[in-house]
Amino acid sequence: MVRNLSSSLKPSQIMSWACLKKTERNKQNQNLNSFSAFPEDVQFCILSFLSPTEIANFACTSKRYAPLCQNDSKLWYSLCDRRWGSKTQINKWGDGQISYKLLYKTLNKWENLIGFWRRCGQSQQKETVKPPSLVFFEWGSSFLSGWRVSPSQNAYCVIKSPFLLISISPEGEIVNYLDPEGQNKNKLFGDLGYLDMDVVPVNVNFIGDSHFSVEENMDFAYRRSLSSGNLKGEDSGEDIVSVASGSPGSLPETLEIYQYYANRMSPGADRAIRRQRRREKEKQGKKRWETEHFLKIVDSSPTLDRPLQGLWKGICEDRKMEFYLVAYDEFGISCRRVGDLSERHSRSTPVFWTSDPTFIEFPFPTEEEYLYDTRIHIQPPEAANSDWDFPIENDAVSRIMYINSSYDLVILGVEGASMNPWRVEGRVWQYRNGTFGFGFLRNHFIVDLKHIAKNGCLLDIPGDL
Amino acid sequence: MSSSTDSPTLTTETTQLSPQPDTETAKPTKKITLKSSDNQIFEVEESVAMEFATVKSFFEDSPSTDTVPLPNVTAKPLSQVIEFCKEQIKFKANPDEAQKKKYNAEFVTEKSDKDLVDMIPVANYLEIKDLLDVLNQAVADRIENKSVEYVRSFFGIDNDFTAEEEAALRREHAWAYEGVDED
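Quick mapping for you: the protein sequence lines, in order, are chains A and B. Going by the UniProt record's numbering, 308 is the number at position 308 of the first sequence; the sequence numbering is gapless. Going by the UniProt record's numbering, 52 is the number at position 52 of the second sequence; the sequence numbering is gapless.
Note that these hints are calculated values from the structure, not bench results. Glycine included, every Cβ here is placed at the ideal spot set by N, Cα and C.
The calculated lysine-lysine pairs, modelled on DSBU-like cross-linking and capped at a C-alpha distance of 35 Å, are:
id	chain 1	residue 1	chain 2	residue 2
1	B	92	A	74
2	A	105	A	287
3	A	109	B	101
Listed next, with one range per pair, are the computed distances between beta-carbon atoms:
id	chain 1	residue 1	chain 2	residue 2	range
4	A	87	B	130	21 to 29 Å
5	A	361	B	99	28 to 36 Å
6	B	92	A	374	52 to 60 Å
7	B	72	A	86	32 to 40 Å
8	B	93	A	34	36 to 44 Å
9	A	86	B	127	22 to 30 Å
10	B	145	A	83	15 to 23 Å
11	B	159	A	456	40 to 48 Å
Next comes chain B alone, as it looks inside the complex (with noise of 0.2 Å):
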């Protein structure tokens, strides 16, 4: 399963400095190549692959692609998505609840701010349930009990409230106000 860690040294680099592929290189598994709106190249597992719905649907439609272009997708979220999903087909072979939730947790626990967030719209766009799921929860965990202003900045979003529709807003709610944490 692990074929690429256990390739030979020579092997591996020979792929990475031919423009093309080495297609001699025998892999047990098929892979498939991703490449990011920063033209970086993401070859993973077609089992993998199978997880991102979007992915799946491409290749449905057209068998003989090799390389599939993510137009909406940068490389670092990509990176992480790839991360997640290849611990998620493990926990499909080996079915443990207990050992999930807890990398689940730790995945995204780990994970700066920005890094949720912009993970968010590449689940979303590869269709991955479960992580958009995950995600979401950790992103409102993260403003529970926070202030607007820090709501605000967590997600990029502009003021445009005047100072006396704020007020009045902010009385109308302010049940809603008390016991929030500092920022």
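Same shape as in the complex, but just chain A (with noise of 0.2 Å):
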């Protein structure tokens, strides 16, 4: 019967056909095992396992699932241990009193700041000594913490101080508190230490992903103020303002964020700036904190393809110690000084930069190990006094690379012949162990750097802090 009536159709409507009973086969099938059989915890099993969107994909599916998908303890709960549990107590932040769905999305958002950023801009605070520009974020017990990082004097230790605690309160909102000074590290993150009034509360603004500002919460502290019955005002239930949408004249000349605000400006953005700038003359006065803007260092480590790539500490000619940033990009390598990177014209000053990244493999040709050998490394200032042990055999280096000093003399070589090769050249040996020292043919030194950090944490903190 079915083959007589399956030879009488033509080949599309058998195709349809077969399509059609191949429909019915599969829902039968699905409906002896569909979503509705599991029990509740594998339910909620396979849904912690999706991401938000497919979440509120899933809570379209039916009225019955809706809910589920709206089950803090059980769903979102899930889905912030499986992600953060091994980083985080997620169970203390907002004292444990704000729903996990709001952390989720909260976390998901600043997990981002994790690693290393650096200062865009000279810094505008009115301190004498120059704050560091380089910032690291790690993860703390129920909030994140940020802190200077900075070069010491002692070998190649690095000194780590307080700079930014950025958290939820048990009523679900965002607390972001700063300490100026970065001296005292109970101060912000020891129990309830945040409440000291030497630390400033801060509006910590995203632009992007790479970028974020901190600005003063003025109306926190008019709020406290208020609320103490010192004053009175009549704007202080107004939304913040926030410096994301606008006012780009008080912000540092750099390219970054100037072609970020270039195409960023909204209509209403020319309200907002008045009304900011209206507000930002009348708090003058009483500001502790003027607002910086940090970068993301994306690439903050070396990888295999990149082996020179990141963040690393030398000790330079003068002695002391610096932060060194290598990057790889379209052009090739450059290294620069961290603190140079905040400098406006930074872009003209590499330390050391090659078109071409390829390595001279072992064995090497007998006047590069002449090269090698007739050198000195720096050491620090204390390096009786510390274990620090550089690599002193030739056979320690694997790899060498051809560098420059400086842009503005090589285009002037390509010019003249009058230039003098040994003012610019240079070398970078790569070590067995992976770090690298770079040296320049007009002297016969070595810089050899260290990594500041490995496998995101710092490196040669001293115990103290």
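Join these two chains into a complex; the hints should help.
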């Protein structure tokens, strides 16, 4: 019967008939073991492997499952736990009084802070000593902690001083505190220590994935004094206008930021700027913190393809420790001092650069061996007391790369033969342990570089912090 | 260890033909018999059966039993679950995280959607935590970036929204549908 029927059909009809049969069969199979047949904890377990987008999607499948996707203690707890459970104590955030859904949304955004950032532009603070431009974020038990990272005068040690605490209050509000001096760890990260009057409440504004600003939260200070009955105001209920919505005039003249705002101006921004300026004027007198901007250092550690990439520290020719950032781009490799990156004309002053990132492999030509052997590794001032062991033997060098010291000189070199290559030429010596040193033909030194951080942890932090 | 494959063909045939298992067959490891809801018999080594927390506690309660009935489990998913657990035993004796990961990934990749979904209640009933995690992750991966319709048909979920309700919901979640794969 069925065969007779199908033989009288056109091929296209057979196809659709076959499809129909197939769907029917699938339907039957699926009904045997549909989602509804799973016990509830299995249902939650499956959902906990999904992303928020897919959970939103799943909520749309039927009325019956929409509530599952809202279950905070079972679903959103598992989602948070699966993603951040090993890094922070997720039940401690907001004193355990905030919803896990809020926590997920918040941490999803904040997670990007983990790692290294550098201040963009010169520090605007009034202090006489320039604060370090390198900042590092890591997970705390119920907060994210931001630290200023600076070279110490003691061998290769790194100073880590408190900068920023980012957390959520039990009421679900974002709380950010800044320690302007960075002197006392307990002030910021100790138990409730952040309510100390010396710390400054701030707003942290995210601008894309690789840029944030820290501005003093004057409304917070205002509200606080209002509640203690000292002041009365009219606009305390108004929304905080973040720096993200305008006021480019007050920003450091940095290309990245300018480009950002150039693309971002919205029609409503004008009014927001005026309001912001007025507000700023009113509050200028009480300000304790000038807004600063930070850019993410995305590639902060070496990879297999980019063995020199990332943040390094080394004792330079004046025997002071410096932080360096080596970056790979379409033009080759360049190395800059981290401090210089905040300067205006940083783009023209690399410590070294090359357009040809190929290594000379072992065995090396005799003149190269001589070049390395006759050099002095610059040691930290107290090298005698430290356990820093730089590679002394030539066989510790695994590969060599040609480098140049300055853009300008090489551009001159293209034109005339008058230029002395000895003034610009240099080498990178990569050691077998993965680190490297660099030096130039103009002198007899090698600056050896070490990692600032490894596997997400800062190295060589003195024990007392 | 691999007694069943080494035993003479004749003995194996006898075992299959006789209604009672031949007790004379010398076995170095203890076997446990599992019976699926569709009356299929599975003989597994004790170490494998002890991977099933449910079977383990069954034996702790009544050690004299020789056949464990599994009324909620059909033969096909059960055979796949046994296959998985046999491999896990090997990894327990010989830990190699990379190999285990590779095996687990291959185990789920080669299964059909239906096989995966069918195994979940079995893994849950037998309380095999590792397998349940592997399966749930695999299922989540298969509905990753898929449309609502696809997810419905994957899990056999009936749409009980009215057209208006569904349109309203989708507007609410409009951001979620950018970059969704073709089914």
